[in-house]
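A.B. asks: In case you want the letters, here they are:
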Amino acid sequence: MKIYNGGKIFIGLLVFAVLAASPFIFNMGKSKTAEKPDIRIDTPEILKLEDKKCVAPREQMRATHMKVLDSWRDAVVRNDDRSPVLVSGRQYDKSLQNGCMKCHSNKEEFCDKCHAYVEVKPTCWECHIEPKEKKS
Amino acid sequence: MRILFSFIAVLALVLIAYAGVKTANLQFLFGVVVPYAAIALFICGFIYRVVKWGSSPVPFCIPTTRGQQKSLPWIAQNKLGNPSNTMEVIGRMFLEVFLFRSLFLNTKTEMTSSNRVVYGSEKFLWLASITFHYTFLIVLLRHTEFFVPTAPFFLDIIKSVDGFFEIGLPRLFLTGAVLLASTAYLFARRLYIPQVRYISLAADYFPLVLIIGIAITGMLMRYVYLTDLVSVKVLALGLLSFKPVIPEGIGPIFYVHLFLVSVLLAYFPLSKLMHMGGVFLSPTLNMANDSRMTRHINPWNYPVHVHTYEEYEDDFREKMIGAGIPVEKEGVVNGK
Amino acid sequence: MASKFSATPEELSKIDHNPPKKGWMDTPVEFKEHTFCWGAKGKNLAALELPNARDWSPADEDWKLPENWQKIFLDGMKERLGKYRSFRLFMDICVRCGACADKCHFFIGGGDPKNMPVLRAELLRSIYRRYFTVSGRMFGRAARARDLTIDVLKELWYYYYQCTECRRCSVFCPYGIDQAEITIIGRELFNLLGLNIEWIAGPVANCYRVGNHVGLEPHTITSSVEFFCDDIEDVTGIRINPTFNRKGAEILFVAPSGDLFADPGTYTAMGYLMLFHELGLDYTWSTYASEGGNFGFFTSNEMGKRLNAKIYAEAKRLGVKWILGGECGHMWRVLHQYMDTWNGPADFMEVPVSPITGTRFENAKSTKMVHIAEFTADLIKHGKLKLDPSRNNHLNVTWHDSCNPSRAMGLLDEPRYVLKSVCNNFYEMPENTIREKTFCCGSGTGLNASENIELRMRGGFPRANAVKHVRDAHGVNMMSCICAIDRATLKALMEYWVPDVEISGLHELVGNALIMKGEKERTLDLRLVPLPGKAAKE
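Chains as they are written, first to last, in our numbering: chain A, 1 to 136; chain B, 1001 to 1336; chain C, 2001 to 2538.
Excised from the complex, chain A in its bound form:
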């Protein structure tokens, strides 16, 4: 089968194919990236806990933790409601630094790994002061 204006059509199709396949091309030889980031929940504070539970189940926290933080921010900053959250008999401060980070004190190993992996840049640290972690 003869292709007329074959040169131009070939170039056009090449551009199309490269663009369409570019996600594959960028992933070539980068097999490691397919692995899930390994987040650490072995901070001293967590290790001290008997039942290692957060304010919500793990699956839910993974998907919706930003919503929890958002609602806490609204409650505290906008409604002046600092009453602690009570989950299965344990009290949590509605606070990023005094609540979450009390246990999850390892920002780099806990927060950043996933955020970096999915290219998310949360605005937490635009107001909060970033904790200085001791490098171990």
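Source of the hints: derived by calculation from the structure; they are not laboratory data.
All C-beta atoms, glycine included, are put in the ideal place defined by N, C-alpha and C.
Some clues are possibly wrong.
Claimed, not checked - In silico lysine-lysine, DSSO-like type, Cα no more than 27 Å apart, as pairs:
1. A/LYS36 / B/LYS1243
2. C/LYS2316 / C/LYS2365
3. C/LYS2437 / C/LYS2014
4. C/LYS2316 / B/LYS1319
5. C/LYS2043 / B/LYS1319
6. B/LYS1159 / A/LYS121
7. B/LYS1108 / C/LYS2316
8. A/LYS8 / C/LYS2078
What the hints assert, rightly or not - Just a sample of chain B residues kept apart from chain A, beta carbon distances all over 12 Å, derived:
9. LEU1011
10. GLY1020
11. LEU1099
12. HIS1133
13. PHE1206
14. ASP1315
Fit chains B and C to the supplied structure of chain A, relying on the hints for placement.
C.D. replies: Okay, now just chains B and C, sitting in the frame of chain A:
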């Protein structure tokens, strides 16, 4: 009927994916097999269609000219409406492909009460089309955060502009909302403009409903039924590096979204959506109006039976001589 | 059988553009009187060696088709899908956005939804989908695919002879989809079955044997021109003696034969003669290649080529350096976009150079054929013509861009420059009805018959409507144009819709304004009508 059909078809697709994942645990089918098949169909099908067009030659130089030709040096040529060389053709194609110039110049014909015709400007089709296409492109580019291990340079820019107003959390991306709105408009105009409704086929409603479905599931996932993005990205990168994995904890809505996208990809080469490739090959747009300057070659030009001058003179020689018209064969009568 | 067409303009202008409730696939075609042309006569098809030559009538139940007509049609379609990228692409990529829907003059003036370009194309696409696509084969009616039945064929025929290939839809299509291209191919398919119309087949048969559409034999051409020269002598006192079939002339002049046949085209021919005489141009007419127009183009690509071949053949025989072409619309579609490809290369001629100004027509360097509007505009620009535009002062002129020179060439400002140089009162019609957005006369592509008069009046309605606008606003009483079919048909259109506007060719007005060496004081225009204020002093 055509409209209902499209809705039912897309709804069926949604249910298939939802039920498949929720009740039959067909995550591997909907997360790996179908996407791979869809991408293969998309790329191969697209190339096949374009090659098929390429296998038909362009026998004649038939640009549709929109403006003054290049003729005398002191007459201003409309280079972008009536290009006479390759550079000008590129200019015309650029305006057509990237700015939808023809649609921009669209008019609307109306009858007045006194039975006169008047022509007004009509920009809504252009506006909806161009916002639809560009928001779709931006949404697609935004998804590169799931496609590549490290984000391309444009991602941050797109996201910060797109989410500029920081409405809600996760913050609202305007393009998603505009995409949905423009698609809905393109759908609605097929319903309320009587002529357009009359010409619309199921093949016109279906892709719109499908894209609406994709946009809605995408937005639901982002704003309402939040999904564990890390797992989603693990799945995506697994696919893209040919080491597919199905991570735990991805909700069915993701699979519905992915399935609708797969259907769109697979449907693409079978449908009118191929105008994406076709616009570049349209001979009325992509040719220079230079047919009197350069001879255009028709590869299948063949000799035809013509009535020659000799035959003509044989028919009319006496009359020609009588009228004082010079002839080739003086004194020959009736070809003898 | 035929009743006289009696609808008044008031009745005809009540147009409903809303489509019916019933879908188009369920609305059978109705052959309405005064909207279609008579079928081609067997003798004319036979003379052209075209298939299935027999007398037939579209109004008859039996179209006398060959037994295997479906196969012929579908094989023809398949062949053309492989031969024309335009055809395959235009079958495939329409998204039915509707931008073209209200752009067709037949739809605007008639309201029949099947005259929306998109739907006219869909009539054929439904066949394409059924026989040439997977989805059509699989889903049939649901994918708007349908079998090629005799009723479908008749519907296609009816609407493909309600398209004048004017390309206005193509201007508005985001992909440039050109219904003209689809109509051209549709008509090729009909011609495989002997389904031409007489108003095309007759002129084509004439043109093939006699040399021109109207069937003027050589001695009739010379006597017609002689007659024009008599009139010119009456007007100017100058005797012109043009030559025919003269070997060794520098330029071959080819005009549409309509200009030799009936007014107001004849006045345009007088204008040509006067201009060339005044310039002392070394040119000749041909009686063999006495037709610039090409109704073969409305039959098939092959037929177009067969008729067009005469122009280069004659140029070669006479040994001319280049060819000058008269005022005709589709003639220039063919000359500009097809002639060189069909019958070139014209390497036996030279790049056209105006012997008067020395201008080299680089834009025609391969085809070697120059449009007379380009030629005359160049003369005027170089001050080579003495003109008295006040001789056209009795005319308030507007300009009708003819479809083909506008949308298949881009000849827009050359004629305007000439027009503005030869008349003082020039008024443009509204912006959306001129230049590349111009409206067809409604009678192009061989639809200028008398039996389809309602179709013609409807198709010409948008043009007439725009003329009415400038007549009311500026007192326009003359519409000038560069198309022989326009000159032949706009007259009837104006009589129907805008009775007090007349039609002229561009070079009629040039002839009026041209101050010739040794001429007597002009008291008449080329129509032998006394010039106001310059009446003969007896």
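A.B. asks: Return the numbers of the hints above that this structure violates; sort them in rising order.
C.D. replies: Hint check: 7 fails alone, others pass.
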